[in-house]
Amino acid sequence: MPDLTHWPAVDDADWKRLLASARRHQRAGQSWTDAAHGKSAGLLFFNPSLRTRCSMERAAHQLGAHATSLTPGEGTWNFAWEEGAVMDGAEAEHVRDALGVLSRYYDALGVRVFASLSDRRQDETDALMQTVARAASVPVINLESARYHPCQALGDATTLAAHFGKDALAGKRFVLSWAPHPKALPRAVPHSALLMAARLGLDVTVARPDGFALDDTVMTQARAYAEAHGTAVTEASTPDAAFDDADVIYAKSWAGGRVYDDPAREAQQRASCANWRVTAERMARTRPGAAFMHCLPVRRNVVADDAVLDGSASVHLQQAENRLYAQKAMLEHVWEI
Amino acid sequence: MPDLTHWPAVDDADWKRLLASARRHQRAGQSWTDAAHGKSAGLLFFNPSLRTRCSMERAAHQLGAHATSLTPGEGTWNFAWEEGAVMDGAEAEHVRDALGVLSRYYDALGVRVFASLSDRRQDETDALMQTVARAASVPVINLESARYHPCQALGDATTLAAHFGKDALAGKRFVLSWAPHPKALPRAVPHSALLMAARLGLDVTVARPDGFALDDTVMTQARAYAEAHGTAVTEASTPDAAFDDADVIYAKSWAGGRVYDDPAREAQQRASCANWRVTAERMARTRPGAAFMHCLPVRRNVVADDAVLDGSASVHLQQAENRLYAQKAMLEHVWEI
Amino acid sequence: MPDLTHWPAVDDADWKRLLASARRHQRAGQSWTDAAHGKSAGLLFFNPSLRTRCSMERAAHQLGAHATSLTPGEGTWNFAWEEGAVMDGAEAEHVRDALGVLSRYYDALGVRVFASLSDRRQDETDALMQTVARAASVPVINLESARYHPCQALGDATTLAAHFGKDALAGKRFVLSWAPHPKALPRAVPHSALLMAARLGLDVTVARPDGFALDDTVMTQARAYAEAHGTAVTEASTPDAAFDDADVIYAKSWAGGRVYDDPAREAQQRASCANWRVTAERMARTRPGAAFMHCLPVRRNVVADDAVLDGSASVHLQQAENRLYAQKAMLEHVWEI
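Protein chains in written order, with the working numbering: chain W, 1 to 337; chain R, 338 to 674; chain V, 675 to 1011.
Just so you know, these hints were derived from the structure itself, not from any lab.
Using N, Cα and C, we set each Cβ at its ideal position, and we do this for glycine too.
Don't take every hint at face value.
Unchecked claim - Below, computed lysine-lysine pairings styled on DSS-like, alpha-carbon distance capped at 25 angstroms:
no. : chain 1 : residue 1 : chain 2 : residue 2
1   : W       : K39       : R       : K376
2   : V       : K840      : V       : K690
3   : V       : K713      : W       : K39
4   : R       : K353      : R       : K503
5   : W       : K166      : W       : K16
6   : R       : K376      : V       : K690
Claimed, not checked - A few chain W residues facing chain R, derived, Cβ under 8 angstroms:
no. : residue
7   : T68
8   : S69
9   : G100
10  : E332
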């Protein structure tokens, strides 16, 4: 059964095929077929969504299929997650039964379930998404789990390929730049952006304050991808120098490692790094033709200034649009059409 | 106008036709037509739903129609229900106007409105569903009212016919087994399961603790169905013996009769019956090939043990799937296609 | 780009074409085409909706298109609205980015954003709807803004044309009659009803208590429409006399002018006018064949008595149904089909 729940599930051949397919959809623009007529996707959002819900519904629709978006706890039951739970509390249904049932109605399921930022082991093992995948008997597309956001990664790769040209990507300088934020945020997006850029053969720098390193296993996997391309993954701990000669600034906030054992300390560290905001001055250090990327939603004038987001370098709306094409490719992949 | 709002509305001829049609859809599996192209169903959920919403949307879709699910009070107005109400409170719209309006947009309405468990007369007369049916000018499908859940009943009958074979149903021992639960629950499902089993010609036992008898009028109607088949409806007040030689265990919790006049006493009675949980030991008393049924959502290890739900006798996921086929039959019935 | 965000955006030629198209759809009843196959409308509801959401989804569907309804803050992010906002508060996304993104997914956007009734300048300039329209790069249909409700106006014009015959409308006496209500309500509907009636060439009276005048600029525009037809817009400050010889009573509550500077005083004024309720006695003063109109939701026995709403003069359900036909015309207009 095709599996798009986590990064290692997508091998190189699938990744290349998915990217080529997303690019074809992008060139075709808002086009539609009846290839998936009669099929239906159930989209389960344990966390909020704007882009993902709309682009996924639209992707299904443009393939001739039907999609339903469900928000557990709003008009449906709340779910229990633990194996062997004695369900005498607030949860009326076990996720195992819920996913089993939905697998009877839908030809694919899309599931969003964010990192807890409180249970380190659960987040690091992507335990909730793994529980979902085990309970489902149809293909599951990860709409952002604790650890990965493959839809975003494929849309971003499509954006880069369109911006620079597929054959000009090799060796471009991609800077994943940590950004300030009033809330502790999960790492699914930075993990996925890092792995995506390394897999495309870009030269990657992760610029982030001390205490905000990404997960070791993800860094290790990214380095392996880079090595295969003869590029490298490096780290920087100040914002300015990393912008010099960058071809891509990918801004994103994420929580520091202390969020699990001392959240107050993490919040303090985060608040002390407000000067990591992306400004027009910093963008001026980048190469001509450089792109500014953000996955959205973006806190304007906190993560990046209006002047950056409304400037000519920003491709954030293209990224959002390319989610549609990426997800059409993903639905075709899991439905084998 | 075809009417699927309450049990007596479905005469024997319609019931047989609906069941045969649901079985045909079940054998065809996930199939679709354009027979209802251009039609639309409005689904109004005054209470939470997972299976019913998804299977009804999908049923409409597989017939070529469109469906919309609405949750009053979430993104819409709250409704007033009383005749002659002076609407100077929180409710912005009368259900009579709301249903009148929706009847102008949709070719059928599905409505879920649970028992109050506080207003006995309202629940016993299915007053809210009757108000809905009077206010609508298109067919209404009952998606669970205070008293009945015909969609569940038809799906369950389909499951039984598939499990045993239609011609082998007569005289099989069907045990509706009361189950523990942390909350007082309505009786629409046990009522509908009881009537369904009796109508199919099964030999029915209602096993429930003292104080948890089902409604007299429903018991009387079930006995009349049984009599026509030469079978019987009996009651048992201990859990174990009822399992002996059973062909079907249909587990379901429901509130005791004191819920209306002394809810604290009802909760106490309910809590004292935790030992009615369905265990593997109890299931071992049943006949070879017996089926364990539950309408879902199910509280695991409270209503029934994991070992039962994950065991080979359990057909709860088939029941959920068969909702889809039952509801396709019901939509075809009300749309006369 | 076709623009249906505010009243002045619809010139006389468009208005006549839209009305003729809505009438054609009304005569055809529940009909459908594939003219808009592959297109999709994104419907964004910052405030509750029943009629507008259902009729808009259905209008899109009957044209062969797809529609999605979104409720910001329920399953999506909350939006910031201010230019240059430093987004370190509760809002996760700027409306500028959200609308930019949605414009990439949908072929038209419908947006509902009610009057604040607390920021006079914002309401009078329809600032939020203007912000939406500037941020979008596809046509925007106003689903009720602070100032206008063009969908309601076109549906109401369709109702009047059907009730009296298009050529018999000139000079009919249209009374917009203020009504009591427990809450302060926006003026988008009365503004739109007034402009609609004047534009159709009806003789208009605005009957409302002292302190409840409509906005000057809207009154001025309505008088200009009337003058072009040789009719007039007059005002009355008592309820009874205005009903004499009326052909149409259009009942609607709206807030008094003091709502912005002294809301307690406005509430007091409003409460003192409970006797403006539309009764059967008052309706008896109107001409034979007169119509009672209300946009819904209506507070029964507060705004108008049951005897009026359930009487033969009331066309409130036709008004609701005609929203469907009006919005089909509007979607065809913005999609140029």
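Each hint tested on the structure:
Between K39 of chain W and K376 of chain R the alpha-carbon distance is near 19 angstroms, which keeps this suggested pair within the 25 angstroms criterion. The straight-line distance between the Cα atoms of K840 of chain V and K690 of chain V is roughly 11 angstroms, inside the 25 angstroms bound, and the hint therefore holds. The suggested pairing of K713 of chain V with K39 of chain W holds, with an alpha-carbon distance near 19 angstroms, which does not exceed 25 angstroms. Simply put, K353 of chain R and K503 of chain R have alpha-carbon atoms about 11 angstroms apart, close enough for the 25 angstroms limit, and the pair holds.
Among the hinted pairs, K166 of chain W with K16 of chain W is consistent with the structure: their alpha-carbon atoms are about 11 angstroms apart, no more than 25 angstroms. For the hint pairing K376 of chain R with K690 of chain V, the CA-to-CA distance comes to about 30 angstroms; that exceeds 25 angstroms, so the pair is violated. Because the beta carbon of T68 of chain W sits about 6 angstroms from the nearest beta carbon in chain R, less than 8 angstroms, this interface hint is met. Look at S69 of chain W: its Cβ only gets to about 10 angstroms from chain R, farther than 8 angstroms, so that hint breaks.
With a least beta-carbon distance of about 5 angstroms to chain R, the hint placing G100 of chain W at the interface is held under the 8 angstroms criterion. The restraint placing E332 of chain W at the interface with chain R is violated, with a minimum CB-CB distance near 19 angstroms, outside the 8 angstroms limit.
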